Amino acid sequence: MPQTAVVEYKDYQITKEAPVDSSFIRFLAPYGSVLKSSMGKVIGFSTEGLSLKQPESTIGNFMADAMKQQAEKHFNQKVDAAFVNYGGVRSNISKGKLTVGMIFELMPFDNLIVLQKLSGKVLMQLLDKIAVDVNGGWPMAGITMEIKDKKATHVLVNGQALNTTNIYIVANSDYVANGGNDCAMLKGIAQMNKGILLRDALIEYVSWLTANGKSIDAKIENRTTNVN
Amino acid sequence: MANQLMQKLKTELPMSINRRKFINQTAIAGAALLASTLVTKEAHAEAANNRLTILHTNDVHSRLEPFPMDGGRNQGMGGVAARAALIASIRKETEHVLLLDAGDIFQGTPYFNMYQGEPEMKAMTMMGYDAATMGNHDFDGGIENFATQLQHASFPILICNYDFSNTPLENKTAPYKIFQKGKIKIGILGLGIELEGLVPQNLYGKTIYQDPILAANKTADILKKQGCDLIICLSHLGDKYDDGKISDEILAKETENIDLILGGHTHRFFEIPRKYTNKKQNEVLVNQVGWAGIQLGRIDYDFSLYSAGKRVASKSILIRNK
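So the protein sequences, as listed, match chains A and B. For the first sequence, position 66 (counting from the first letter as 1) is numbered 66 according to this note's numbering, and the numbering increases by one without interruption. For the second sequence, position 322 (counting from the first letter as 1) is numbered 322 according to this note's numbering, and the numbering increases by one without interruption.
Derived EDC-like pairs (lysine to aspartate or glutamate); straight-line CA-CA distance at most 16 Å:
1) B:K245 with A:D133
2) A:K150 with B:D242
3) B:K92 with B:D300
4) B:K275 with A:E8
5) A:K219 with A:E48
Honestly, the hints are just simulated from the structure, not real lab data. As the structure is a prediction and not an experimental result, all values here were calculated from the model.
Generate coordinates for the entire structure from the input sequences, incorporating the hints supplied.
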């Protein structure tokens, strides 16, 4: 038996110039036309576009702000912080028209917004997890922090230093609150749940911004900074 | 025109992909010229029966249509119509093809929210997929939904480390499957990722996750004993992690009889298949082709160097550009 095997490899790029098999276009057409009617509705406009990165991103700030505002509205109470897990942000938003379908691509999961009352100690555990998730940093609203030596430091909640004995009202997706994305520290803590899909909340938030003459844009605000 | 095209490619693709594409195309043209002049018909037939072409995707995530033309980085890329045409053209030039997917078929475009995976399964069946494994997002419609959508799939779902007893998927998947292509016998197994902490428990139900290395070694041993010349693992574990979590890298090093791992989950576009040395000091290849059907991976094995009944397992593997 030879000691060396020879293999040949190639990665084919499926570019927009690639030839297509028209039978597949015909196969997709009936599904696609139904989708177009429900998903093609334009609900907003982005001047700059929104994109994802760590520790902080424009699309992340947009989503976390939407979650906090919508949580406060639907639960009719003040929310201290809102989080979106980094891996749960599934697309960017290009500049130009924003459709319902684009929100489905951004948030395809049927995740619900839930509130939990977290002690400052548990909130700190969550922030330390966030500091090391992938390359560190999640979309969040209501909190600023630094990441140093893979730990969350200089944490401010509503501009005040985090107090480990305080109780904070925190919005997360039910996925994260149930311990998903390795957030075991949240599992088992009572949840307030009004059956609000995060995706529906995003659509409502975008429509609200648009109705108020605002574009769908966001800035980097140093909510999370790396200091190593 | 060519200039415009290059310019466009340069703006849309990382430089390294461009350059490799150019080199690949040049190499193919040269090889085709040589082949047509030197090889006789009989030798051609013999060579064809000793040659296996493996095509693979992972993490297609319901990307049935190309990315929309919205100015984004991936605009116009992917889509089943273009992938199907490419696969058909490869099938015309080479006889023995295996078409495989490493999971996360579902979730990511409104097609899945609306149709729960039916068009994805139908399109893969139309393209002639030979096997796939399950990714974590294939549970997103619930385990019952995945079981329901299997009615539209004519290819098997291979997974050897999920125990589906007392779930809707009981007896609907297989740990492995053996394929005969020309003179080559190929064993394929599948591996899934730890579900707890990743997938909501109500979606995966009573599925029990088992140690991937134990399951892979046990299953690959069965395939070896059945005389497989090549053993392929479809894996949704992810290529590698900083925190030592089980990955394709660890799998490759800790197994004995797997020759090729086709991975997914981490959406990584490999420049070239990675090589690792396994427990038996043989080399193992790992490959992954990003996500969304932007790429189709191809790995060709030539078995003409081996006499019948000999496995491909080798101390070293030389990887050439096709």
